[in-house]
Amino acid sequence: MPKTALLVGTRKGLFVLESDDRSDWRMRGPYCEGWPVYHAVQDPDSGAIYAAAASEWHGAAVWRSADLGETWELSSEGMNYGDEGPRLSKVSSLSAAHGRVLVGAEAVGIFESTDSGESWSLLTTLDGTPGSEGWNDPAQQPPGHLGISWTMPSPDDPSHFWAIVQGVGIYETTDGGASWTPRNRGLRRDWPAPPNEEIGFCVHSLGMSPVDTSRFFQQNHVGVHRSDDGGLSWTEITDGLPSEFGFASAVHPHDRDTFYVVPLDAGHGRTMPDGHAAVWRTRDAGSSWQKLDRGLPHEDAHLGVLRQGMAIDSEDVPGLYFGTSTGQVFASADEGDTWSEIASYLPAISSVEVAVIG
Amino acid sequence: MAELHLPATLPPLFVELPRRLEVDAATVDEAIDRLDERWPGLRDRLCQPGPALRPHINVYVDKERGDLDTPLAAGSRVDVIAAISGG
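Chains as they are written, first to last, in this note's numbering: chain A, 1 to 358; chain B, 359 to 445.
No lab work stands behind these hints: they were computed from the structure.
In this text, all values refer to a predicted model and were calculated from it rather than measured experimentally.
Check the hints yourself; a few may be wrong.
Computed spacing ranges between beta-carbons, pair by pair [what the hints assert, rightly or not]:
#1 B:His-363 x A:Ser-214: 42 to 48 Å
#2 A:Pro-158 x B:Val-373: 30 to 36 Å
#3 A:His-268 x B:Ala-384: 50 to 56 Å
#4 A:Ala-66 x B:Glu-380: 31 to 37 Å
#5 A:Ala-66 x B:Ile-439: 30 to 36 Å
#6 B:Pro-376 x A:Arg-28: 26 to 32 Å
#7 B:Asp-394 x A:Asp-274: 51 to 57 Å
#8 B:Pro-409 x A:Ser-119: 14 to 20 Å
#9 B:Ala-431 x A:Pro-194: 52 to 58 Å
No residue lacks a Cβ here, since even glycine has one placed at the ideal position from N, Cα and C.
Please put together the full structure from these sequences, using the hints given.
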């Protein structure tokens, strides 16, 4: 079995947890000089690790390591909107596929690197797409800032991918980012619709089944939703969950009907309901949900998990992992049935992703 | 030659970048250019488009608050300070 590694992005740098058997874990780090790391991924083809980070002092950049974290370099060459453009405050969502790395930015934009992270170029600001007219107008923005919080490449076609614009919704491009189409039909919102009803949705996380690329799932601000047509239309599958709100989700690598979420209270706290830690799983595409809490704390555990805070490996019996806003990492080597705490005292965790070593 | 003093957060980002070094430059902007020539990418760590110094980077020239266009004299001391923040 290849060694499994977890890339854990935190408020104080990147940490790597490694295991030969998904039972005993060792930790390395912090890396990236303690910069806040919003998301880190491994390029499945090259094995390189990329970490999207933003320092209060030194700005946003993507760190890269070709040797699984032993040595690091960073670059933000080309990663800006020009002297007259909006300010780039952070980069926060990475994907690597087809020899290219994409990173989503705030203000709204996607930068790409085709030279293994040495330099970057602006691929798109989604300018001209429905909703984009208000993105950079502070008066029209919700609290905080808008950015690209998720990019999801097609496994087959380098010019085909999806992006989430925070508070606006999912967009799809089939021409490498030249044009974009909103893909939010059937989603729910509990706030007034904007003039264009195709947008105005708050999608927190998005996943595609590796065994059926027309099967998508998402955790939304209001509900969990499934698509059976590659995101063209959505059906709500929230019934049976303790809360419609959550950030993180994970798609089973081998079963198109299995999907995981971490329901959270929807108020200001945004932590697990009743202080009882649990991941919830559906095995039937959302018709029913099962609470998975064996080995997780059942009381006084007011844990939050952010949008990129849960990951699943692709072993025959997949391992599931999540990291919390209070610095714990929990792991399950049996698809979520039983859990153990494998890190307890990390800084606040932004992201957890799986990497394979060897 | 001006004498530059860099914040402790900068040298770990670039190979063999010292905390203190001398550069031949007429302004702060030029001094940062000289550093960027030798350590590509360093300008991005101190400046943002505009161009302007990053919000939490301050520069003092001979103990006076400076900016990118502040002139440097022979022997000027330039302190680049990362603002006290974080926790």
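Hint-by-hint comparison with the structure:
1. B:His-363 x A:Ser-214: 42 to 48 Å: 59 Å, violated
2. A:Pro-158 x B:Val-373: 30 to 36 Å: 33 Å, holds
3. A:His-268 x B:Ala-384: 50 to 56 Å: 53 Å, holds
4. A:Ala-66 x B:Glu-380: 31 to 37 Å: With Cβ atoms ~34 Å apart, the hint holds.
5. A:Ala-66 x B:Ile-439: 30 to 36 Å: 33 Å, holds
6. B:Pro-376 x A:Arg-28: 26 to 32 Å: 28 Å, holds
7. B:Asp-394 x A:Asp-274: 51 to 57 Å: 54 Å, holds
8. B:Pro-409 x A:Ser-119: 14 to 20 Å: Between B:Pro-409 and A:Ser-119, where Cβ atoms are some 19 Å apart, the hint holds.
9. B:Ala-431 x A:Pro-194: 52 to 58 Å: Given a distance of about 57 Å, which is inside 52 to 58 Å, the answer is holds.
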